[in-house]
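The chain contents come next:
There are 2 protein chains.
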Amino acid sequence: MVIGAVEPIVDGGRFPIKRVSGQSVSVRAVVFTEGHDRLRAVLRHRAQGEAEWTEVEMSSLPNDRFEATFHVGPPGSHEYEVEAWVDSFATWRSGLDKKVDAGVDVSVELLEGAGLVEAAARRASAAGQDSERRWLDDRVRSLRPPQEPGRRIATAQSEDLARAVERHPDRSNAARMERALSVQVERERAGTGAWYEFFPRSTDAGSDTHGTFRDGETRLEYVARMGFDVVYLPPIHPIGRTHRKGRNNATTAEAGDPGSPWAIGSREGGHKSIHPELGTFEDFDRFVARARDLGIEIALDVAFQCSPDHPYVREHPQWFRRRPDGSIQYAENPPKKYQDIYPLDFECEDWRALWDELASVFFFWIERGVTIFRVDNPHTKPFAFWEWVIREVRGRHPEAVFLAEAFTRPAVMQHLAKAGFSQSYTYFTWRNTKAEIQAYFRELSSSPVSDYMRPNLFANTPDILPEYLQSGRRAAFQVRATLAALLANTWGVYGPPFELCLSRARQGSEDYEDSEKYEIRRWTLDDPWSLAPYLESLNEIRRAHPALREGDGPVFYEVDNRDILAFGRHADAADETIVVVVNLDPHHTQSGWLSLPLDDLGIDGDRPFQAHDLLGGERYLWQGSTNFVELNPERAPAHVFRLRRRVRSENDFDYF
Amino acid sequence: MVIGAVEPIVDGGRFPIKRVSGQSVSVRAVVFTEGHDRLRAVLRHRAQGEAEWTEVEMSSLPNDRFEATFHVGPPGSHEYEVEAWVDSFATWRSGLDKKVDAGVDVSVELLEGAGLVEAAARRASAAGQDSERRWLDDRVRSLRPPQEPGRRIATAQSEDLARAVERHPDRSNAARMERALSVQVERERAGTGAWYEFFPRSTDAGSDTHGTFRDGETRLEYVARMGFDVVYLPPIHPIGRTHRKGRNNATTAEAGDPGSPWAIGSREGGHKSIHPELGTFEDFDRFVARARDLGIEIALDVAFQCSPDHPYVREHPQWFRRRPDGSIQYAENPPKKYQDIYPLDFECEDWRALWDELASVFFFWIERGVTIFRVDNPHTKPFAFWEWVIREVRGRHPEAVFLAEAFTRPAVMQHLAKAGFSQSYTYFTWRNTKAEIQAYFRELSSSPVSDYMRPNLFANTPDILPEYLQSGRRAAFQVRATLAALLANTWGVYGPPFELCLSRARQGSEDYEDSEKYEIRRWTLDDPWSLAPYLESLNEIRRAHPALREGDGPVFYEVDNRDILAFGRHADAADETIVVVVNLDPHHTQSGWLSLPLDDLGIDGDRPFQAHDLLGGERYLWQGSTNFVELNPERAPAHVFRLRRRVRSENDFDYF
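Residue numbers (the working numbering), protein chains in the order written: chain A, 1 to 656; chain B, 1 to 656.
Bound conformation, chain A alone (with noise of 0.2 Å):
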């Protein structure tokens, strides 16, 4: 017997697939034995710690492959497998059916079977079910002489029997994979939502001092309103001195420059510390319960490396390396030298103790009411560590989400998301053009990428500001937050610059001019130009409509112009498909006929249907798979359509 072919699965089992609560996950299998007998395969599944697996009938499909479904439970490990057995019974069954339809002597037939259906009653009788032994002794009778031959033929060839075979089956050579198959289950918002990133040091709305949490609680306020679901804050912790950054990023600070969150510790503490001029705990407690009255979750950035003035220098300074000077060892790109970044050392000899303390900082947080992780360039430390924090803070919290910012080699990119990361920041920031986004999404969807690696497009960061964006243009904003936010279940935005379509880059670069990395800045939130209420409807789109929130990857579809993107999202728990299109040309109206796959969608060709622009408020009226779009940037970018299934009756007449 051979299992083989199993998905979904990744790097043959070595690592986990996920999913969150309530989806489910549908395994395939090619499933084969020498000859032709009949065979039959159970999926099999459970949480981990549990004793009993449930059991699935698999389908048997064409070309020996049989699939069944199962849906996960809450956070935590659940397992599946195959197993698989010869169904004696019903290859006896298959062999006699065709033998009775040519009038062939059948005595001999009969009496292998009432020899399977024996069996069969032993098996019911050992399981302690013994009416089901006395019915199916009842039918072994009725098999065999002196039973007349059209009675015994009956009895083989009825259903009754077949099922009540089958519920006793004869799994004493069934085979089994080598090993069970794992599914990492998340929480909801480990699988969708929508990321707001801010400063709370640029809150203060009435002047240039430090922003508090005090302060961000108004923000919150006006982030609620644009409808995101999570508030993801740079570093919280006190901020080092020894060669801090300056404004623009300048190697010295003048005197009041803040420095960089992600130079992280001071002598006023390091990563399980609040920078003092942010508040207190309380401040922040109450700043962590308003977002939670308000419907966001607040993210916290975890940047494991060390200001030169963090207690652990002093305190643990085994857990850096030394250079042959004697100095402690910076953080570098060659050429450039960070010397205020120490990098800890995770392969000291002290490691075990050094990756407690890490880990201690997930648990400290957690027990503040963090539960969202967004990690700064874990593919600089070890793999090996990664997947064992995970795990031990999964392990007690499977609530924890975490996020990659791995922005690397796609190798280490999927290799930290098969390790444990729930989300990875992705290259959605540095694809533009229309090739570029299908051929990412196309790869993004595909299996086993999908099944592991869940994209959250982030439209820019602290550290990206695209070339699109920087032309400045109010549309290119526009269809990049449309992309980010349609194109994947999770979405994000680094605000204000983003809403209020900050464009100007520090020469030939992608850092913002003036960052608010280096220094605290003040927001105009009620520009009139601002794409608040543009974010705001995108996000209402998002929450209205399931395929766009736990949709599967885009479907892209066919458009004459090189300009125009279109694609599909369709969710299985929802019966409508959106379709979007989008110009992503921010300088020029841009049209085109776009060809829909009406059967897939569910569209009667030969009859009109109405397309409405869930954000433009628009109806077309469309007839057949091809039709003209245009779209015309200073207006709107993008078209977002409702496309419900067809109503299959007689007299409907498809009003979407």
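Hints may be right or wrong, so weigh each one.
As the list claims (entries may be wrong) - Below, in silico cross-link-like pairs of lysine to aspartate or glutamate (EDC-like), each with a Cα-Cα straight-line distance of 20 Å or less:
| no. | chain 1 | residue 1 | chain 2 | residue 2 |
| --- | --- | --- | --- | --- |
| 1 | B | Lys336 | B | Asp130 |
| 2 | A | Lys336 | B | Glu112 |
| 3 | B | Lys337 | A | Asp325 |
| 4 | B | Lys336 | A | Glu513 |
| 5 | B | Lys337 | A | Glu112 |
| 6 | B | Lys99 | A | Asp325 |
Said to hold, decoys possible - A few chain A residues that don't get close to chain B, going by computed Cβ distances all over 12 Å:
| no. | residue |
| --- | --- |
| 7 | Val2 |
| 8 | Leu110 |
| 9 | Ala255 |
| 10 | Gln318 |
| 11 | Val412 |
| 12 | Ser515 |
| 13 | Arg543 |
| 14 | Asp575 |
| 15 | Asp599 |
Stated by the list, open to error - A partial selection of chain A residues facing chain B, derived with a Cβ cut-off under 10 Å:
| no. | residue |
| --- | --- |
| 16 | Ser24 |
| 17 | Val25 |
| 18 | Ser26 |
| 19 | Leu96 |
| 20 | Ala114 |
| 21 | Ile274 |
| 22 | Arg323 |
| 23 | Asp376 |
| 24 | Phe385 |
No wet-lab data here; the hints were simulated from the structure.
Don't be surprised by glycine CBs; every beta carbon is placed ideally from N, CA and C.
Following the hints, put chain B in place on chain A, whose structure we already have.
Coordinates of chain B only, in the frame set by chain A:
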């Protein structure tokens, strides 16, 4: 350190890939670790039983990919694996270069480098390479004060130093794949050849009497003239009498009917005996020797099943399954019953003795000079048996070649190839249209299938007269022979029915009318319409052009006519591509525009080039990628063009 995505690989390493002696294995892997350290990787390989690995440095490609190639030696089992480590010196050197270029102070970096070189010197010393140690120790002194900075930097950046340290890498933390992968290396005939099947009993030229091996010697000369490499004989063992089948598979035989050779065994013997009417062992040995003199190898049919008269039935009744009425279970394909055939019960209590006996059948014939076996219906016997018996036979006779006649579902066919069969019959016989052929050969040519399954394309067999040939058109036979001979490295026909264009099938079936399976036939080999000269041309062209006998799978080219199929074949060993154009319509002349990827073929699209038809002899002067082709089935249904890579000189004229 992660070593992943290693290719070629079959089922995660559960089964070996296949190669013939002298062929290359190009191994690709993705190798990476956290951060930005430089890595080195080696491909290690050895024949089974060798203590030492041979190492080949792998080339580093973009996106963490590494690649290297090795060539396999004599038949037997070989293994390969990838090992990788962090190259601290190269990492350090790359950072140093950038800092030096940027004019940054590197005095501490030079001390670090000195430490790395010192460690390399210690490793050289441990390896007993004292002069290398001394040389390196000299460099250590040059890297340290009091040497002046310029001298220190020059030493650090010298390529001699880099090469010397590279020779003594620190592999103490090297990572290796969990387990090595294996290659089943076979002799050339496992990978390439032209097969011809005939019934030796139909070789008596004079009368209707039973042909013998002596008669067969003349037939061998006829086959050798056509250029075939292998003659495959249906079973040559004594034929059973009980329930013997008559002509055209009649349930009862008439007196004088010779029976089917696949009903093996009579009182004269079984699988290790020769049917008396074919001759003696001495005659057989002469026949095999005569073939060898003609450059032909004899392949025997191994059909592990018994007629009721087989000695096994009497001597080892425990090897057969009993029915409830005590009779032995005969073969069936419900509702059909084959009472002349008893299957062996491979899972009987006495299976060990049975398996040993069956293995001894192979050894018996290998002793008599036969090492190619065409195995009948392997898919109805346990996979575990084949994996075991092929390993046993190859262990003593690595020259043994096994062809699986598994006309069954794709998964089963593929699994038998994985389990050890050298070659497989395919669905080629039923792939007739352009779309079918393209889809099927793309599947066969793509990894991993191409790494373990070698197609043997039979244009017909005694069991299969395909519908396409039943039209009786000579051109139909030419088309199928051309495709079989040129689409893959191994092909075959069942003759003389093939070259004589025999097209009469039994009503509604693919069985030959008056099949040789049940009677002795006489053949008019000198029929002027015989395709023997055409088959000879095909084999001659194959012999002259490595692309066609040891090349990669076909690459299909575009022709704007659905009845014209075009493909190219290429072998690394030869600097030429053969382009085959076939009119699949045996009834009508077809024409169209053929598009060739000139760049891939090394042809300058701006200059005329000549396409030389190896089959018809014509030469066509073409220019550009699109050229006109027209094929009249009455004259020649195919072109076989030879295109040599352009000689890249100033004044070459591309006359091929």
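Hints, verified against the model:
no.: 1; hint: B/Lys336 with B/Asp130; result: 80 Å, violated
no.: 2; hint: A/Lys336 with B/Glu112; result: 18 Å, holds
no.: 3; hint: B/Lys337 with A/Asp325; result: 89 Å, violated
no.: 4; hint: B/Lys336 with A/Glu513; result: 83 Å, violated
no.: 5; hint: B/Lys337 with A/Glu112; result: 16 Å, holds
no.: 6; hint: B/Lys99 with A/Asp325; result: 18 Å, holds
no.: 7; hint: Val2; result: 6 Å, violated
no.: 8; hint: Leu110; result: 9 Å, violated
no.: 9; hint: Ala255; result: 27 Å, holds
no.: 10; hint: Gln318; result: 19 Å, holds
no.: 11; hint: Val412; result: 6 Å, violated
no.: 12; hint: Ser515; result: 23 Å, holds
no.: 13; hint: Arg543; result: 38 Å, holds
no.: 14; hint: Asp575; result: 34 Å, holds
no.: 15; hint: Asp599; result: 21 Å, holds
no.: 16; hint: Ser24; result: 25 Å, violated
no.: 17; hint: Val25; result: 21 Å, violated
no.: 18; hint: Ser26; result: 19 Å, violated
no.: 19; hint: Leu96; result: 8 Å, holds
no.: 20; hint: Ala114; result: 8 Å, holds
no.: 21; hint: Ile274; result: 29 Å, violated
no.: 22; hint: Arg323; result: 5 Å, holds
no.: 23; hint: Asp376; result: 14 Å, violated
no.: 24; hint: Phe385; result: 9 Å, holds
Violated hints for the displayed structure, listed by number in ascending order: 1, 3, 4, 7, 8, 11, 16, 17, 18, 21, 23.
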